[in-house]
Amino acid sequence: MPLRELFWAGQEVYITKVFMPIIIGVAILLPVVIVLFVLGFWRHYRLWKLGQPEKRAQNWPARLMTTLAVALANIRILKVRELYPGLMHSLIFGGTALLFLGKIIRLFSFGGLTTPPQSIFLYASLIAEIGAVFILIGGGMAVYRRYVRKPTRLDTEPEDTLVFIWAFLLVLTGFMVKGFRIAISDIKPPDWAMWSPVGYLISHAFPTFAAELKNEILVWHRTLIHALPAFIFLGYIWVMRSRLQHMILSPLNVFFRSLNPKGSLKSIDLEAVEVFGAGKIEDFTWKQLLDLDACTRCGRCQDHCPAYLTEKPLSPKKLIIDLRDHLHLRAPQIIKAKAKGTDLENAPPLTGSVIEKDELWTCTTCRSCMEHCPIFIEHVDKIVDMRRDQVLMESKFPQELTQVFRGLETNSNPWGMGRDTRGDWIRELDVPIMSEMSGEDIDFLFFVGCLRSFDDRNKRVTEAFVKILNHLGVKFAVLGVEEGCCGDPARRVGNEYLYQILAQANIETLDRYNIKKILTTCPHCYNTLKNEYPQLGFSCEVVHHAEFLKDNIRKKRLKLEHPLAKKTTYHDPCYLGRYGGIYKPPRQVLKSIPSLDIKEIKRSGMDSLCCGGGGGWMWMEENIGTRINIKRLEDALTVDPEWIATACPFCVTMFDDAIKNKDMEEKLKIWDIAELVELSLFGEKK
Amino acid sequence: MGTFLRAVAILVEVSILAAIIYALLRAVQLTVFDLGLESKYRKIVVIALVLAGSAAIVFFIAHLISFYPTI
Chain A
0 MPLRELFWAG
10 QEVYITKVFM
20 PIIIGVAILL
30 PVVIVLFVLG
40 FWRHYRLWKL
50 GQPEKRAQNW
60 PARLMTTLAV
70 ALANIRILKV
80 RELYPGLMHS
90 LIFGGTALLF
100 LGKIIRLFSF
110 GGLTTPPQSI
120 FLYASLIAEI
130 GAVFILIGGG
140 MAVYRRYVRK
150 PTRLDTEPED
160 TLVFIWAFLL
170 VLTGFMVKGF
180 RIAISDIKPP
190 DWAMWSPVGY
200 LISHAFPTFA
210 AELKNEILVW
220 HRTLIHALPA
230 FIFLGYIWVM
240 RSRLQHMILS
250 PLNVFFRSLN
260 PKGSLKSIDL
270 EAVEVFGAGK
280 IEDFTWKQLL
290 DLDACTRCGR
300 CQDHCPAYLT
310 EKPLSPKKLI
320 IDLRDHLHLR
330 APQIIKAKAK
340 GTDLENAPPL
350 TGSVIEKDEL
360 WTCTTCRSCM
370 EHCPIFIEHV
380 DKIVDMRRDQ
390 VLMESKFPQE
400 LTQVFRGLET
410 NSNPWGMGRD
420 TRGDWIRELD
430 VPIMSEMSGE
440 DIDFLFFVGC
450 LRSFDDRNKR
460 VTEAFVKILN
470 HLGVKFAVLG
480 VEEGCCGDPA
490 RRVGNEYLYQ
500 ILAQANIETL
510 DRYNIKKILT
520 TCPHCYNTLK
530 NEYPQLGFSC
540 EVVHHAEFLK
550 DNIRKKRLKL
560 EHPLAKKTTY
570 HDPCYLGRYG
580 GIYKPPRQVL
590 KSIPSLDIKE
600 IKRSGMDSLC
610 CGGGGGWMWM
620 EENIGTRINI
630 KRLEDALTVD
640 PEWIATACPF
650 CVTMFDDAIK
660 NKDMEEKLKI
670 WDIAELVELS
680 LFGEKK
Chain B
0 MGTFLRAVAI
10 LVEVSILAAI
20 IYALLRAVQL
30 TVFDLGLESK
40 YRKIVVIALV
50 LAGSAAIVFF
60 IAHLISFYPT
70 I
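Protein chains in written order, with numbering that gives the first Met the number 0: chain A, 0 to 685; chain B, 0 to 70.
Be aware that a few hints might be false.
Pairwise CB distance ranges (calculated) [unchecked claim]:
hint	chain 1	residue 1	chain 2	residue 2	range
1	A	D342	B	I15	22 to 32 angstroms
2	A	L200	B	F66	17 to 27 angstroms
3	B	V31	A	K54	50 to 60 angstroms
4	B	I70	A	Y143	26 to 36 angstroms
5	B	T69	A	P20	35 to 45 angstroms
6	A	L82	B	V7	35 to 45 angstroms
7	A	I623	B	F32	30 to 40 angstroms
8	A	K54	B	G52	48 to 58 angstroms
In case anyone wonders, no lab produced these hints; they're calculated from the structure.
Since we're looking at a predicted model, the values are computed, not measured.
Even glycine gets a Cβ: it sits at the ideal position worked out from N, Cα and C.
The whole structure should be built from the sequences, with the hints applied where relevant.
Written out as structure tokens, the structure reads:
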């Protein structure tokens with residue numbers, strides 16, 4: 000068969016006859032690439048090994064399923080409804096997969112596995128071309144986004160530009176090889192156009208030699224110009240810590256993600272460990288170090304961070320990148336010191352040198368960064384670990400917290416109000432107290448929480464909810480003065496020691512009364528009781544009042560008959576939505592109120608902006624940038640509401656404060672959903 | 000006309016080859032510093048790579064002028 004026909008996508012029976020030089024090249028270069036991959040992976044692995052031990056391998060079938068869903072179907076990007084980057088990523092990823100598939104198919108002809116006319120080569124040609132076109136479209140979209148649209152969340156490093164140029168050149172030279180092969184072939188147009196449309200198109204541009212031998216030499220030149228940079232590219236991305244390593248690191252990070260309840264922070268065995276939190280980079284666990292390496296700098300965390308959006312120094316993305324750069328810088332010294340069996344001297348502390356104090360303390364622990372991260376990086380856990388170091392090891396924290404800690408220690412509430420006044424709201428209401436009951440069975444223990452017990456605005460919510468409970472005839476009781484702070488404020492600011500004292504005290508009380516079911520109106524208490532107390536050996540069913548009200552409305556036990564004709568919007572509390580996954584129940588409650596006109600804020604559900612009260616900020620002065628509660632109120636004002644509804648005492652207080660700050664008390668009101676249910680159930684008070 | 004088109008074709012091919020050489024040498028530069036070479040060597044590394052790249056381009060131009068097909 001003449002040479003020019005042999006080049007028609009390999010119509011020869013045995014691939015060894017046509018592509019032997021390529022096979023020899025692959026046989027030599029592939030092991031080199033594999034060695035470079037192992038070397039590149041080892042560079043990361045030795046860094047992760049510096050971290051503290053942590054169990055992350057249990058339940059691997061579930062881990063594998065999520066990893067495949069994230070890696071193959073892009074579900075995390077689709078979840079946050081980002082069509083452009085989602086499509087762009089899918090085209091590049093899918094195109095690369097098709098391109099590789101097209102190349103691998105050629106192996107099937109090896110040793111005569113297929114018979115003439117080797118039609119499988121034709122399919123391979125088409126598949127590879129479709130893949131390459133996908134890469135060009137996806138890459139073009141990426142270039143347009145990064146260099147023309149320039150979203151603030153993206154930062155461009157020299158390596159990023161290089162990867163774009165290199166990948167484009169590989170696709171281009173690939174098409175040039177194919178185009179030239181077509182140009183020197185005798186096969187007539189219809190076949191070419193069908194199986195190699197792009198190659199056929201550009202084949203018209205190539206001048207050819209009259210002598211076949213020269214054409215053959217030029218084909219091998221072109222093949223070399225394409226294949227050698229391709230292999231070097233594969234080697235480069237593994238030796239250099241390239242962004243493209245996310246092909247391996249991202250699925251790995253997804254695989255080892257936390258399977259614990261979303262809201263539970265890592266517990267510390269205070270009796271067993273000597274170092275609390277993370278003061279040095281090696282104090283993080285190996286998974287936390289893997290997080291740092293796996294970050295692709297996509298910036299979704301930053302886009303949704305309330306601190307960043309209100310001009311505070313914290314950007315979750317920058318925090319991760321700064322920690323990663325520090326890890327890469329310090330790791331060789333740490334490894335050397337460990338090899339010598341000595342301690343690393345003059346190791347700079349993380350807080351104050353790598354991460355600024357204002358960065359660390361402006362986090363509201365709203366979890367928006369974690370929910371939006373496509374690869375499950377755990378930002379909040381690292382921030383709390385660094386806060387633990389500051390509070391428990393260094394005794395350095397914002398001065399307002401001194402009062403909070405003292406109040407929690409002495410009176411089990413953040414304001415330090417007399418513990419004996421915790422049950423003052425009960426006086427005028429018909430509320431049974433556990434200590435005054437003589438062993439009667441109850442359906443629920445109503446865990447009231449600090450804000451709903453002491454704060455005047457929130458006490459009205461508690462009263463409304465108690466009226467609803469009494470109306471339903473639910474057998475419930477409260478702990479009264481025996482109830483203590485759940486510990487959430489202490490834990491989120493890093494005082495694990497105080498949290499455990501508070502939690503143990505509550506657990507002792509709850510165990511004494513053999514409590515099996517808890518009802519609460521505070522998402523922070525809800526999260527702590529449900530997701531964090533089990534770490535200390537206590538577990539029972541915990542229900543948030545949004546779910547409770549929804550269930551009773553659905554079962555028609557609560558008949559909401561009085562119309563409330565107000566334009567209302569709902570604000571999702573972070574600890575109810577992103578932490579607890581409770582988005583629908585409060586909306587279902589509101590929808591069941593006659594005439595209530597519900598408008599959704601643009602940033603709602605998973606995208607909801609924090610009210611600014613979490614992570615200890617309820618008790619700290621917000622002096623940098625715009626106040627988060629003002630920003631969130633401005634979000635709400637875009638739908639021009641008369642009422643704002645929510646389901647969290649922190650949010651009620653922060654919105655109340657923002658409304659007063661804007662002098663809007665006459666036009667706008669903040670309500671808890673329990674108050675609206677009460678209004679619709681009993682009618683408005685005259 | 001043929002001579003002009005040949006010159007254009009050579010220019011296009013040289014541009015593509017130059018881009019490939021740029022990518023390879025830039026990768027070398029980024030990799031050596033990522034592997035731990037101190038930044039004080041940045042200037043000498045850049046000079047060496049620019050010289051190597053220039054030599055490659057000169058070779059490609061000469062090679063293509065001599066051997067590229069006529070149009």
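Could you tell me which of the numbered hints above are not met by this structure, giving the numbers in increasing order? 1, 3, 5
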